[in-house]
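> Numbered according to full-length UniProt numbering, the sequence shown spans residues 1 to 444.
To be clear, the hints were calculated from the coordinates, so they are not data collected in a lab.
Glycine is no exception: its CB is placed at the ideal position from the N, C-alpha and C atoms.
A few of these clues could be false.
If you anchor each label on the Cβ, the simulated ranges turn out as follows [stated by the list, open to error]:
#, residue 1, residue 2, range
1, P324, W125, 34 to 40 Å
2, V121, T388, 31 to 37 Å
3, G188, G268, 46 to 52 Å
4, R92, R233, 15 to 21 Å
5, H216, I111, 32 to 38 Å
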Amino acid sequence: MSTGPGADSAPAPTSTHESTTGGTFSSLKIRNYRLFATGAVISNTGTWMSRITQDWLVLSLTGSATAVGITTALQFLPMLLFGLYGGVIADRLPKRQILLVSQAMLGLCGIALAVLTLTGVVEVWHVYLIAFLLGMVTVVDNPARQSFVSEMVGPAQLRNAVSLNSANFQSARLIGPAVAGVLITTVGSGWAFLLNGLSFLAPLVGLLMMRTSELHASVRVPRAKGQLREGLRYVRGRPELVWPIVLVGFVGTFGFNFPIWLTAFADGVFDGGAGMYSFFNILMAAGSLAGALLSARRRSSRLRMLVAAGTAFGLLEIAASLSPYVWLFSLLLVPIGMLGLTTNITANTSVQMAADPEMRGRVMSLYMMVFAGGTPVGAPIVGWISDTYGARIGFAAGGAISVIAALGVGFALARVGGLRLKVDLRPGRPHVRFVPREQLTTAA
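Please put together the full structure from these sequences, using the hints given.
Here it is as structure tokens:
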């Protein structure tokens, strides 16, 4: 197995040049990945059904956007507290076996919430508890699943497979909210939770059917002291890892709180209901799917794309927060979804390709800890702002922080790459651009 960019030849800090060959869907030619993707689209559909239903159930039980934020925070709190340990486990143990256990446990959590809801005894603390348990399982499931992709497809197809994973997730996001909206209004929330629990049978079957002889050899890290600190030192010394992780940390913490904002806009700003909330999620999913497919076509992951997408994402969130009309708000959700996914995929693939295989589990656990683990901090804050000052202010605040973070990371990467901002006011020339430092000293 190719080790990719390693210690002997670190990649340039402003781009990742690994190429993807074979077209948009080239990874699906690999049988093991095809099984993985088939199981994932089924379980992802169930997951999105459950997410929409869970948010609406909490809002129905409490009438509070803050409570929705607390639920989201509890689901991601374990990632913040224990995320790095999940990466150590993913580097030590066979990832396929980890996933067999974690996917089964996720299914059991869904079934437990279904039983509570169908029997009519569900209370908000039940939802809080199960959300926390889901988060505990995800601590190990996420880095194992992220790093298992390279074992299925190899380094040449890694970028394409990561993009298709996101396209898979967003395709399910188109279906799940629509089905959830129908189930909530017809037979009740409990059936959506039950279908989610049962949907995890699909990835379990896919994992069991894989041909282990066709998996790319992984680098197993033996148990030893100091592996957690070793992972942190490794990331700290590599700017091509640090700055994408910093950016997705800010964007994930403050810019991706859509369960809070979309429930608040559907219920309070535009006086809709569960159907409108589902519709908002479908529009965002359509944009996200487009962003994922476009990313699958690109042959490289450039960090300038990461900065540009993060900046545009935040600006569109601010624009949507000011929208006076539901049709305009809905229209803006499509590019917001597209740019949000582009930001996430570009950061994810840049980090995976820049990390050595024996460190990938720990690097991806840090990535997910920062991206998803910041939600316990951001979600209650954003929920409180939305309850206190209105959903529009909360949405705008998340967008503004994303813009500031993207611009800050852009300037940091420019400094690392020896670039400086050049302003040229002469007609017919670029007015503002980054150029290598030596050009500034020799320019007329």
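> Take the hints in turn and mark each one as holding or not.
The hints, checked one at a time:
Checked against the hint of 34 to 40 Å, the C-beta distance between P324 and W125 comes to roughly 38 Å, which is consistent with it. In this structure, V121 and T388 meet the distance hint of 31 to 37 Å, their C-beta atoms being roughly 32 Å apart. Separation of G188 from G268 is about 23 Å and departs from the stated range, judged on CB atoms against 46 to 52 Å. Under the hint 15 to 21 Å, the C-beta atoms of R92 and R233, about 18 Å apart, fit the expected range.
The supplied range of 32 to 38 Å is met by H216 and I111, whose beta-carbon atoms lie about 34 Å from each other.
Consistency note: the structure conflicts with earlier hint 3 alone.
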